[in-house]
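S.K.: Work out the full structure: start from the sequences and follow the hints.
Chains A and B are the protein sequences, given in the same order. First residue of the first sequence? That's 1 in our numbering, and the numbers climb one at a time after it. First residue of the second sequence? That's 1001 in our numbering, and the numbers climb one at a time after it.
No wet-lab data here; the hints were simulated from the structure. Even glycine gets a Cβ: it sits at the ideal position worked out from N, Cα and C. Hints are not guaranteed to be accurate.
Stated by the list, open to error - Partner residues are not named here, just some residues of chain A that face chain B (Cβ under 10 Å, in silico): (1) Asp38; (2) Ser48; (3) Val73; (4) Ala119; (5) Asn121.
Said to hold, decoys possible - Below, a list of computed lysine-lysine pairs in the DSS-like style, where the Cα atoms sit at most 30 Å apart: (6) Lys34/A / Lys1300/B; (7) Lys1300/B / Lys102/A; (8) Lys1065/B / Lys100/A; (9) Lys1308/B / Lys1321/B.
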Amino acid sequence: MPLSPAITDLEQLKDHPALSRLLSSGAIRVAGAKYDRDEMSVYLDRSSIREACVLLRDDPNCPFNFLADVTAVDWYPQEPRFEVIYHLLSMSRKERVRLKVKLAGDDPALESVVSVWPAANFFEREVYDLFGIRFNGHPYLRRILMPENWDGNPLRKDYPVEGYR
Amino acid sequence: MAHLNATLTADPGQDRTMILNMGPQHPSTHGVLRVILEIDGESVVRIMPDIGYLHTGIEKTCEAKFYQQVVPLTDRIDYLCPLTNNLCYCLAVEKLLGLEIPPKAQWMRVMLNELTRINSHLVWLGTHALDLGAMSVFLYCFREREDILRLFEMVSGQRMMTSYFRIGGLALPPPIGFFERVRKFANSFPSKVDEYENLLTGNPIWGLRTKGVARITAEDAMALGASGPTLRGSGVDFDLRRDMPYTGYENFKFKVPVATEGDVFARYLCRVRELRESNAIVQQALDGMPEGPIKADAPKVVLPDREKMKTQMEALIYHFKIITEGFAVPEGEVYQAVESPRGEMGYYVVSDGTAKPYRVHMRSACLANMQTLPQMCEGRLIADVVAAIGSIDIVLGEIDR
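M.R.: This is how it looks when you write it as structure tokens:
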């Protein structure tokens, strides 16, 4: 299966259930989309992540009822530095979608989706712990893997792989 | 300790309840899970899992390695099903590269993956029963597990940390006599499952200890991100192997066991039935094992055979280049999920076009499954906490990474 180039044109992609739902609502600020290697990514503005999650979860045609994962990527030294990534799964339609939110390095914060999917609780704590990205409205935003008194966020790219910091 | 203090100061007016610390060195927490319990007499008011004692920073380490060097790290995430993790990572990178895997390698992967599932479920069954007071099951389970570990040793040279699946196929061709050994195991295994079931399924003590205990509804389980037998035990009929097939699972016929009660016994039934189904898949794989190469035709990615290296200049060059500078993977990102014995195991791999992964993230099934603990235990007896922890089948290596 040779690789075909990624499709980023919104017009071509608007038939995908998740993207059509987000585009048709009008309230969600979709910053772009990408279809690459049979996977759909939708870029969202950080202000609309929670609403987008509610919309997709309650979609009658293709309910994305399962939050598989929340994680982040640090693109240091590029700006906007962080990408927070949500992987959603629709069990009935067997469809996946990836939501991405870009965050600036000086103020990495966005709204928590724990109220939409309780599953996000530990995932968001992990991102907070390892990347230092804050989730506003999270019920218990504390370090989860590293010790409470740890200095720094290990998965940031300016954090060394070896040796003491 | 900070967690403990937070819990203590949360409700200063209350004097009915007390805080009890369970773990991280408690035998029934299967590793180093620490659970903070707020109890009122014998019943649990609040339960808070505290994890991270086994955090080794594997995700960070992956970013400093070549793509092929990450494979041995994936073994160490979940030491009960190393091959499932190998498979998931390899599939993700193969998807990034756009590699086609030959049929024999795919069938071998399915077969070994199902043996791994049996292996993992046997450890779960033995230790779970041991937690709940059924000592002898442990000895029976580990007898068969030993057979499977010998099979792994035969095919990969290692009992546990196999690293047998490589990007582009398998590390080595299976040795002579391997399939006969697997067939011998697969033929005798159903009768062994009968033995476990004779000891437990109809056993009234086992029933009292597990039926109606640690219940969770399908809606709650799904909202909390549970997957695998933890979700199927609550009546959600979803299995990635059947519903979103990968590595050739669409060629196999198997049932997905589902139970509706949502209690410890339901999850037990799901897993025990899965033992039989997995064994059936192993037998199908043996019957239909295709002939052919075990590695993809991609000399820049897959290491050449040793024999070729002695006779062909190109093979030697490619070998040297792969070992010393790795291979570049086209830019992009992939999320690959497989059905591990514990649920949805996912690898999210981001490539920036170099020979080292820019980011590797593992979606741990146990981490999400563990979020169901408060739902299962709060308001129940403290003795049932052990049953609940056992029934979600946690592996702390995978949770903490």
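S.K.: Now tell me, hint by hint, if it's right for this structure.
M.R.: So, going through the hints one by one against the coordinates:
1. Asp38: holds, 8 Å
2. Ser48: It is violated, given that the least Cβ distance between Ser48/A and chain B is near 21 Å, above 10 Å.
3. Val73: Check passed: Cβ of Val73/A comes within 5 Å of chain B, closer than 10 Å.
4. Ala119: Holds, because the Cβ-Cβ distance from Ala119/A to chain B comes to roughly 3 Å (cut-off 10 Å).
5. Asn121: holds, 6 Å
6. Lys34/A / Lys1300/B: Satisfied, since the Cα-Cα distance of roughly 28 Å is no more than 30 Å.
7. Lys1300/B / Lys102/A: violated, 34 Å
8. Lys1065/B / Lys100/A: With a Cα-Cα distance of about 26 Å, the restraint between Lys1065/B and Lys100/A holds, given a limit of 30 Å.
9. Lys1308/B / Lys1321/B: With a Cα-Cα distance of about 15 Å, the restraint between Lys1308/B and Lys1321/B holds, given a limit of 30 Å.
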